[in-house]
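Number of protein chains: 2
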Amino acid sequence: MMNPFDDNYFMKRALQEAELAFEKGEVPVGAVIVVDNKIIAKTHNLTETLTDVTAHAEMQAITAAANYLGGKYLHGCTLYVTLEPCQMCAGALYWSQISKVVYGAKDEKRGCAAMGAGLHPKTRLVGGVMEDEASGLLKRFFIEKRNLN
Amino acid sequence: MMNPFDDNYFMKRALQEAELAFEKGEVPVGAVIVVDNKIIAKTHNLTETLTDVTAHAEMQAITAAANYLGGKYLHGCTLYVTLEPCQMCAGALYWSQISKVVYGAKDEKRGCAAMGAGLHPKTRLVGGVMEDEASGLLKRFFIEKRNLN
Numbered sequence: 001m002m003n004p005f006d007d008n009y010f011m012k013r014a015l016q017e018a019e020l021a022f023e024k025g026e027v028p029v030g031a032v033i034v035v036d037n038k039i040i041a042k043t044h045n046l047t048e049t050l051t052d053v054t055a056h057a058e059m060q061a062i063t064a065a066a067n068y069l070g071g072k073y074l075h076g077c078t079l080y081v082t083l084e085p086c087q088m089c090a091g092a093l094y095w096s097q098i099s100k101v102v103y104g105a106k107d108e109k110r111g112c113a114a115m116g117a118g119l120h121p122k123t124r125l126v127g128g129v130m131e132d133e134a135s136g137l138l139k140r141f142f143i144e145k146r147n148l149n
Numbered sequence: 001m002m003n004p005f006d007d008n009y010f011m012k013r014a015l016q017e018a019e020l021a022f023e024k025g026e027v028p029v030g031a032v033i034v035v036d037n038k039i040i041a042k043t044h045n046l047t048e049t050l051t052d053v054t055a056h057a058e059m060q061a062i063t064a065a066a067n068y069l070g071g072k073y074l075h076g077c078t079l080y081v082t083l084e085p086c087q088m089c090a091g092a093l094y095w096s097q098i099s100k101v102v103y104g105a106k107d108e109k110r111g112c113a114a115m116g117a118g119l120h121p122k123t124r125l126v127g128g129v130m131e132d133e134a135s136g137l138l139k140r141f142f143i144e145k146r147n148l149n
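Which chain is which? The protein sequence lines are A and B, in order.
If you're matching positions, the first sequence starts at 1 in the UniProt record's numbering and goes up one per residue.
If you're matching positions, the second sequence starts at 1 in the UniProt record's numbering and goes up one per residue.
For the record, the hints were derived by calculation from the structure and aren't laboratory data.
Check before you lean on any hint, since a few could be wrong.
Which copy? The list can't say, so a pair holds if one copy fits it or any two copies do.
Said to hold, decoys possible - Below, simulated DSS-like cross-link-like pairs (lysine-lysine); rule was C-alpha separation at most 30 angstroms, straight line:
id, residue 1, residue 2
1, 145, 38
2, 38, 109
3, 139, 122
4, 122, 106
5, 122, 109
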């Protein structure tokens, strides 16, 4: 029997979060954190709404998941995020010692790989899951934004 | 006439914040953000108290300063922090485009230089201000912690 709870399943939930960000005029990035096939945090980028550069989807997800778990380490957890984490988020994920990070679209310019930021040695990194959907949403956002200005 | 508002003056204020962290059993790191010689944010590490790896002094200071200014960019601001920022905090400072970062003690292992994390090209970085006081406080914290365990 196929496992319905695969990486695509959870990335779809992260994409739903990204769409909520889009509707608010935020760069559309969404995230969920999962433990034992259960979503314990779902968040989206709120940097404009909160006027706060630290309000990336991943940062909020890490805080929410730790709050849910009652401990600051995210061992056994997986983060699904629609865009490759930046160095700030990679740094927070490093401190959390999260077990796995799965991202959708690659960020060629400000992604953690391009910026040289590293995850914890305990963390497994997987990229490109539902990449077309994630990057398509971002492209649409920036085209609409350009047309409005 | 000497300028009373030099880097040492504000680093002393950051050290006072670090001492507040120490008293709470937190790794003693403190920060202030200054604009036009006025302190607009003062914070200290709260990762244990809040059970949140993202609650570094710098992260809270960035959020508080942006809240005070009503805008997410910290142009014209200087962050004083008692320990060299980690890659998470360097990443947040990158997004904030802060004008200047001054730190006390160097973090040879997890500091942004060692981890390869970069600040924004607009940001000037100065290290080693009141280094002995900042590193002395950290050493005292870890010695006391070891003796308690």
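The hints, checked one at a time:
1. 145 to 38: neither (35 angstroms within a copy, 36 angstroms between copies)
2. 38 to 109: neither (32 angstroms within a copy, 35 angstroms between copies)
3. 139 to 122: between (33 angstroms within a copy, 27 angstroms between copies)
4. 122 to 106: Answer is both: 21 angstroms inside a copy and 25 angstroms across each meet the 30 angstroms cutoff.
5. 122 to 109: Both ways: residue 122 and residue 109 sit 25 angstroms apart in one copy and 17 angstroms across, limit 30 angstroms.
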